[in-house]
Each structure stands twice: as structure tokens, then as C-alpha cells.
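*Asks:* Listed here are the chains, written in short residue letters.
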Amino acid sequence: MRASYVIRKLIGAVSTLAFVAVFNFFLFRVVNRNPVDSMFRGRNLTREQLDELTRKFNLDGSKWDQFVAYVRQLLRGDLGLSFRGNRPVVDVIAEALWPTVLLVGTSTLLAMIGITIGYRAGWKRGSRGDTVSTSLSMLTYSMPEFFIGMVMLGIFAASLGWFPVGGLEDPGSTATGLEQLLDQFHHMVLPALVLAIAYVGEYMIVARSAMIETLREDYLQLARAKGMRDDEVRRKHAVPNARLPVVSLSAINFGFVFSGAIAVESIFSWPGLGQATYLAVRGPDLPVLQGLFLLMSATVILANLIADLLYGVLDPRVMGR
Amino acid sequence: MTAAIAWARRRASAAASWRRMRRDRLAMVALGVLLACVVMALIAPLVSDRADFNAINTGDNPTHASPTGQFVLGTDGLGRSMALQVMWGARVSLLVGFAATVLMIGIGTLIGLAAGFFGGWTDAVLMRITDWFMVIPFLPLAIVLAAVLERGLGTIVLVIGITSWPSTARLVRSQVLSVRERLYVDRARALGAGRLHLIGRHILPNVTPLILANTTLAVPIAILTETTLSFLGLGDPSEVSWGGLLERAGSSAVKEGYWWEYLPPGLGIVAVVLAFTIVGRALEEVLDPRLRER
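From first to last, the protein sequence lines stand for chains W and E.
Each residue of the first sequence is one higher than the one before, starting from 1 at the first, in the numbering used here.
Each residue of the second sequence is one higher than the one before, starting from 322 at the first, in the numbering used here.
One chain only, chain W, in its complex shape (with noise of 0.2 Å):
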């Protein structure tokens, strides 16, 4: 891979991570002009009071000098004080990272059987297998996630009560080891369909055109009049060429690991980043959110760094552009 590719999206990589972080020291200390006094309005605190809080969450002195303070913390790896419970805000969102982990992870993976439903709907152009695959994901493309959510809940939750209604565990179960998994997977299984199904529309459209895209193409031709299979022309052909906005998107996608279940996690009561992100929203626990919303955008950009990368070993045209 040439290097001048590597370090061009290497700086623009860096360059809006930078620009996320101004941004997010922008909105919540400029837009929002002083986050203490509307956090505690009604608190009936004195002025003393809320000038102790001030300087507690950093919020003293002249814009830039805060700017100063915001960035040598974020060196730190420091993202201040929640305002609820006084704890750091790294705890807070350490702790809700392995559930979202878990569940976006799992729903991800499930849905990239949309990939091989993609090719075969791509290939088949126009059948009726292409038709029906088509039409569901424009469907599920069109509706919320969360109130795909919803209606799972409604029906296999509390109606059937095939599944537990919310949460990551039975509440008050003291169980360990693999009786605790089995809990927590039987928790996890009406979410991560919801997700699942969700995600699945947009890997099978864009695995579809990948594979409309070679159609027209002489190798599949060739492949044809040397005798082989329709099968075999497919597996063998068409797919490998298609693969490379597949790979993109998965990529791509992987960064959406933290951020993909905001919704979603909080119909279902699921100890993860996205009912952090609701519960900061209600609160309104500003710290909460802009580290959050740091974090995300960081995960994105990262897998679009890797994404870029990818796209460039396996398509080396791209890299003199």
C-alpha cells in the first residue's frame, strides 16, 4: 500500500476526531452558556453553593482557559465528573460498554446473512425471490427500530411470554457461570432480532447492486461458455468481484457498535451505552453526553479509517486518486 495513501487518510482520520472534540467543548459550554445553573434550577442552592459546583466540573475562568483545561483532561483520558452520584464518567460509560458490545456485536453478525440474501436476490434480478427480499428490507428500512422493538415486546414478551420483558439478568438471580449466560443470552435474544432485523435491509441492498454491478461484466461471460455452472459462475465469479462494497459497509458498520442501539436498549431496559445516552438525555447529565458522544464518534471515525484502508488493499485503484 503506498504510504502517501496511509498517512492522507491517516491526517483526515485525526483531523475530524479534533474537530469532534472542539465541537463538543463548543456545544457544551458555549451554546449552553452555564450548564450549572440550569442542571440545579429549583434546587434552591445559594450562590456559593453553585459557585463550588462551577468549580467542580471545571466550568470557572475564561473560555479559553477551559478550553486549556478540557483538552489537557481528555489527554488524560479524563472526561470530568457526572452530575449525578459525583462519580467520573469514565466509570459510567466502562460500565455499560460490555452489554452494548455484546448485543450490537451479536445483531451485527446476524444480519449479515442480508449479504448472502443480497447476492443471490442480485443475481436472480428481477425473480421473485428478488421481489420479496426486496420489498422486506424497504420495509423494515421504513420502520423505527424501536418500534420494531415494541411490537416484538408486545407480541413475544407479554403476550406469549416466550421472553423476559427488559434488563440483562433475572433481577435478584444469584445465579453463575453457565446458568447466568444461559440468563443473560435469553435476555438478549428478543433484542438483538430487533436489531438484527433492522440492520439486515441495508447489507442485502448493497450487496444486491454490488452484484448487479458485475452482471454486465465479459469474465462472467467467459465463465459461461466454458461450460460452468450457473452455480459455479456465482460462487466463483460474480461474487469475489462483488465483495468490495460489502466489506466497506461491514466495516464501516462496526464502528456503529457503540452508538447502533441508543432506541433500542432502552425499550428493552438493556444496561448498555444507549440507555446511558437516555438515561444522560432525561437527566439532563451533560458530562455523560459529551463523553458518550465523544466515544461514538471516535468508534465511527476509526472504523472509517480501517474501512479506507481495506478499500485500499483490495482495490489499489483508489489509492492514486
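The set of hints was computed from the structure by calculation and includes no laboratory data.
Accuracy of the hints is not assured; some may be wrong.
[What the hints assert, rightly or not] Covered by chain W, per the in silico footprint, the following chain E stretches (three or more residues, Cβ under 8 Å): (1) 551-562; (2) 568-580; (3) 589-599.
[Unchecked claim] Covered stretches of chain W, going by a simulated chain E footprint (3 or more residues, C-beta under 8 Å): (4) 140-148; (5) 151-163; (6) 264-270; (7) 298-305.
A virtual CB, placed ideally from N, CA and C, is assigned to each residue, including glycine.
With the hints as your guide, set chain E onto chain W.
*Replies:* Structure of chain E alone, referenced to chain W:
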């Protein structure tokens, strides 16, 4: 005289597009669904008064009544009629959806035009900013913006507009770049046409069909974003949209089995978004000859 000819030609081409579109039966059904929703939103104030939702007037109504008897779609936990709330919700959802789309297409078109037409440094800087906004995850950005600003419909419109313009800007820019190099633009420039004239008379008219198709596909994005933001409690508390109704129902209505409190607004969103997507794609096919053969 030439203006009259130009108008006649435009009308003829619009009529031809409409004839082609008429043949697409699915698109016609979708258009019907959209019209029905718009009519429902428009007549809401004629059928009911907003005061019907005040606690004073709903005190005697049954709470969580199922859709049998007096209320067509039942009532919610405060005894408010769900049918009327869904009608009023359509107003807010559609209004915010349209307004946010106009804003986002407006910003995108302006930036795309400027970047494509002026090129050079303007282009480099504007495209760098566009790239930033493209990469930053859209929903978290919308959430923090809405959380920091004051609650209200205007804020929601602004947030959706600010977060979702980049793809329009890119699209418009690439179209402008190709139109800019055409011979008739060179001719006009050689005849001494100024920048405003070039943009207004030659570039913009050739970019407009593309912007139109893009607009129909942008409305669903705006409506879905509004729904999600309202669901997270970032909407206007006094103007309840379909997303806001879903928020009010929450998971408790689902667990209690009050399906009439979340299914109607949810299905309304799905119907409108799906209909816009279908009409948008049909329109794109009619307006873009390259797609027709596929």
C-alpha cells in the same frame, strides 16, 4: 416569446413524466396514502379542539379504554382519545418532516453549488467540512445538539437540517461540476454573463430535477429522525408528534398490552415513510433516464 416556448416545453415534459409515473401502480397507491395522511393532518382542527386533551375535559373519560364502544382507537392513561391524538400527531410529524427537509436540502444545495461552481479553495474548505459531517455519527450528533438547545419544534427542525445536509451537498456539487463544463455555459460566459446569471439560468435549472428526487427521498429520513428524537424525550412537550406518542406509551403500555396506544402512531410512521420512499424511487426513475433501462 422565448419564455413562453420554454414554459410550454417544460409543461409538456412534466406531463410526459406524470404519464410515465401513472403506469407505476405501486407509486400511485403510495401517493394515495400520502394524500390521505396530509388530509388527516389538515382536518384535525376541524374535527376536534386541542382543548379536548386538557385534563379538565378528559377527567370523565375512561382511562386505557380499548377500541370498543365510545372511542374508535381507545384512550390513553389520561383518558385522551387516541384517534384524535393520532390525527394531531400527523400534523406535527409531517410539518417537522417537511420543514426539516427544506432546511437540509437548502443548506446542501447552497454548499454544493458554491463548492462546485467556485472550485479552488472554496471547494476544498467546504468539502472538508462536508467530510467531517459525513463521518460524525448522525444520531448521536442530533441527540447532543437537541439536548443542549431549548426544547421545541424549531430546534428539532434545526437539528435535523444541520446534521443531514452533507449527502445533498455532495450530490449537487458533482452535478454542478459536470454541468459547468458544458458548451452552452462556455457560450454564455463568452458572451459576458455574470456569475449570478450563470448560476440562476444555466446551472440551477439543470440541477433542479436531481434535487427534487433527492427531496422526496430526504423526507423519510427527516421523519424517522424526528421520531427517534421525540422518542428519546427531546421533542416539544406541548406539540406531540407520532414519535412523541410512542414515547408516552413507552414500554409500559407494551407490557400492559395496551396495543392501541403504540400501534396506530407507529404504523402511521411506517406508512408515511414507506410511501415517500416508493414515490421518491419512482420519481427518480422517471426523472433520470439512465435508471430507466435497469
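*Asks:* Each hint needs a verdict: does it hold in this structure or not?
*Replies:* Evaluated hints:
Here's how the segment 551-562 of chain E fares: 4 of its residues keep a CB closer than 8 Å to some CB of chain W, so the rule of at least three is met and the hint holds. Only residues whose beta carbon comes within less than 8 Å of a beta carbon in chain W count, and the segment 568-580 of chain E has 7; three or more means the coverage holds. Judged by the Cβ-Cβ criterion of 8 Å, the segment 589-599 of chain E is covered by chain W as claimed, because 6 of its residues qualify and three suffice. Chain E is given as covering the segment 140-148 of chain W, and this holds because 6 residues of the stretch bring a CB closer than 8 Å to a CB of that chain, at least three being needed.
For the segment 151-163 of chain W, the assignment as covered by chain E holds, since 6 residues bring a beta-carbon within under 8 Å of that chain's beta-carbons and 3 suffice. Beta-carbon proximity to chain E at under 8 Å applies to 4 residues in the segment 264-270 of chain W; the threshold of 3 is reached and the given coverage holds. Judged by the Cβ-Cβ criterion of 8 Å, the segment 298-305 of chain W is covered by chain E as claimed, because 3 of its residues qualify and three suffice.
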